[in-house]
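Residue numbers (this note's numbering), protein chains in the order written: chain U, 1 to 241; chain Y, 1 to 241; chain B, 1 to 241; chain P, 1 to 241.
One thing to keep in mind: the hints can contain errors.
Given that identical chains are not distinguished, each listed pair holds provided it fits within a single copy or across any two copies.
[Unchecked claim] In silico DMTMM-like pairs for lysine to aspartate or glutamate, Cα to Cα no more than 20 Å straight-line: (1) Lys233 to Glu112; (2) Lys233 to Glu11; (3) Lys57 to Asp12; (4) Lys57 to Asp229; (5) Lys215 to Glu133.
I should point out that these hints are in silico values taken from the structure, not numbers from a laboratory.
Protein chains: 4
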Amino acid sequence: MAKPALPALIEDLVVANRVLVNEGVLDAYGHVSIRHPEKPERYLLGRNLAPALVTEKDIVEYDLDSNPIHAPEHFAHFHERFIHGQIYRARADVHAIVHSHSPNVIPFGVTEHPLRALYHMSSFLTPGVPVFEIRESAGMSNMLISNNALGQSLAQTLGGNNVALMRGHGNVIVAKTVQMAVFRAVYTEVNARLQLQTASLGGPINFLAPEEGEKAMQVLDNIHVRAWDIWKKTALEQMKG
Amino acid sequence: MAKPALPALIEDLVVANRVLVNEGVLDAYGHVSIRHPEKPERYLLGRNLAPALVTEKDIVEYDLDSNPIHAPEHFAHFHERFIHGQIYRARADVHAIVHSHSPNVIPFGVTEHPLRALYHMSSFLTPGVPVFEIRESAGMSNMLISNNALGQSLAQTLGGNNVALMRGHGNVIVAKTVQMAVFRAVYTEVNARLQLQTASLGGPINFLAPEEGEKAMQVLDNIHVRAWDIWKKTALEQMKG
Amino acid sequence: MAKPALPALIEDLVVANRVLVNEGVLDAYGHVSIRHPEKPERYLLGRNLAPALVTEKDIVEYDLDSNPIHAPEHFAHFHERFIHGQIYRARADVHAIVHSHSPNVIPFGVTEHPLRALYHMSSFLTPGVPVFEIRESAGMSNMLISNNALGQSLAQTLGGNNVALMRGHGNVIVAKTVQMAVFRAVYTEVNARLQLQTASLGGPINFLAPEEGEKAMQVLDNIHVRAWDIWKKTALEQMKG
Amino acid sequence: MAKPALPALIEDLVVANRVLVNEGVLDAYGHVSIRHPEKPERYLLGRNLAPALVTEKDIVEYDLDSNPIHAPEHFAHFHERFIHGQIYRARADVHAIVHSHSPNVIPFGVTEHPLRALYHMSSFLTPGVPVFEIRESAGMSNMLISNNALGQSLAQTLGGNNVALMRGHGNVIVAKTVQMAVFRAVYTEVNARLQLQTASLGGPINFLAPEEGEKAMQVLDNIHVRAWDIWKKTALEQMKG
């Protein structure tokens, strides 16, 4: 397979912002990035802007310490871009990251109930969903990942998993491609809503077994593009109109 | 009553895909089929495509082993078409099938709380809603009904009922017509949401009695077309515009 | 105040159908009627049609036994029009009736938790919300109010209240005007959703006291038109477009 | 920073009405006001009108006893404008107020479960969210803040906090700017919904600590405008038509 060209990747990064707003994962906050396809020590992220407003001209290149590279002087940068830089540093397999306040996921960050995979569509949760407690790294803070040290702590909590929750804040989701990161962000939100409902029924819950999760994840590798294609079509129509 | 002509049936099959997306039963996944009106050993199902994109040109004919008949070479086929073939084989009375991940229904597949009819609109649930546990047939799997043997097991679990849940996956709904299959899929989702809410109130729930369900189902035979007509009107407008 | 003319009342009856669909009280089922302004032994109700499709030409006049008066031969009539006839007969103060399957209200008809007023906007619930158990009148039935005897039983259960629930079916709401009937139908649905949420918190609920309810209802007499005006504006725009 | 001019402030007040409807905080009821930027003993509030209909011509100036100043004869005034006058009198730091029946917040006014901050976006709740019990001031009432004495009681309950609930009625939210008042109203609604869901999971909830809340509130001072800009853009497009 030919390596996707940079302009095509950047288009998909812009589209990813729209899709995540459309699907209720992002509101005016949160962000999505990709690792630079040619320079693995760089990543691409919109400047400090509401996701629904991001265009190709707003995409900034950062190094893994999250210093902007050749960004226009007047650009403001996300206070929490260190999430991205430090996870790209820690996880060579990761090429796209979503940070959001995805609403239905918030409850699982502030209780002792772990988020777990209810069905095959969210099988990427089966490796485990750790919760990052910022108090352990920063004491009483403003809750933000506002420097490289905190980014590194979060990356450590994430470990080799696909999703980590941030207590009293939101979550971070990683994948090999921006299409898969978006897919995982959408179905993390769906699974959270369904798990809240299932818990309200009471009694034991029959979650996916680890082996089922592993096998179902391979299916998602093939089928996630079907959702992406629909979502992208809608987003492109909005961006034209 | 004159037998409905094939083109009219295929139009309704295409419309059914749209309606199920509009009503929140399908997202980019799931599928709906009809038995061929003239060849009872054949069924019609869209090729592997998101439901919102299906047109008449995407409808493929399959035999009951789910082999495609004269399909274009480049068409991909749903991995789970065996659901359809094996249920049509086992149930001569069934002429339409919906397979979905209908969200509010998922909780009832992973707990010990059976889905039951709360009101006359979902009276078709009163015969019973069995849960298919794929582990009993396939051990630790990728959760998919990806061959005829699994399709047959699912058909056995369904038995003579109208709806069966698939643990950690979704559900399957059958009917005599595509209009009724769509109606049942929509009100299965509604009933599931209402049952989740009712259960959260606590205490005993006064479900429809079996005899009430049986009688109310006869009413639905007459009135389900009123909903279909509205849904179809909306879908056709979307498909034009 | 001049008596409202019949054409203006019929326009509002048509609009009421649309508003109740827009606000999620009705789907393709349910109906709304008014007492004839000049002939108190007659009422006006759409023919058997999905509410979103009702126009002025579909409005039929019925006597209080629910016989249609001069209706076109080809018109079908609602099986449950007896709800309307018998309540108008029993309640001289009632000039508008809504029958719906309003979703969030269903749980309160099938459990022992009465629907009660959480706040001033639903203060019309404070007189009490009885539940009609059709089994007591009809044994094992198809759940429908399909004749005058059942309509009379339902009217008896309603008594002097503004709202009655129908177990395993829906509810009926009465008022002095169609505007107020629509207002009550919308806020019955809202109150039900809020009460479900409140109950899920656990512990005692501080409902409106009867005297608070009585006083707050007088406020609604004045302010309900503010909501109606907005809803009507939206509905008229839809009907044009 | 230059003081914002009156016309710009009034435009934002009109926009605030729209935004609060779009975000589900207001329906046909509730209101938002600003303190007059040049005359601190005056405030600006729409006349008695559904929020979605308010234009610049509907904005009325009131003194702190809530007497209208030079309002056209035919204007009706909100029965509850005393909420605004008395809070502006009691709280020199407050320059904008929202009163709403924000739906998900209602449960927390009628149970013993206090509304508390689940995450940084609602950190403005950490000072505390008192509940105003109108029975203590007015006995059995129609629930409305319909005079200056009741407005004063409500202002006393609010104290130095940002949000107060009104039992069986709604809530009141204050801020230094109309943009921040709108932001707080939206995220009070979101936090309430998330807290209802979290409570349904059972077990202890790890709310923001007071110190975390204080620090996170400073972040919101900077970032709330990002949401406002998006919301205002949408509202202005709607108002153009």
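Do the hints match the structure? See the list:
1. For the identical chains of this complex, Lys233 and Glu112 are neighbours neither inside a copy (39 Å) nor across copies (40 Å), given an alpha-carbon limit of 20 Å.
2. With identical chains, the CA atoms of Lys233 and Glu11 are at most 20 Å apart within one copy only, with a shortest distance of 12 Å there and 23 Å across copies.
3. For the homomeric pair Lys57 and Asp12, the shortest alpha-carbon distance inside one copy (13 Å) is at most 20 Å, but the shortest distance between copies (29 Å) is not.
4. For the identical chains of this complex, Lys57 and Asp229 are inter-copy neighbours only, at 19 Å across copies versus 23 Å inside a copy, given an alpha-carbon limit of 20 Å.
5. Taking the shortest alpha-carbon separations for Lys215 and Glu133, only the inter-copy value of 16 Å comes in at or below 20 Å, while the best intra-copy value is 31 Å.
In summary, the structure is inconsistent with hint 1 from the numbered list given earlier, while agreeing with all the others.
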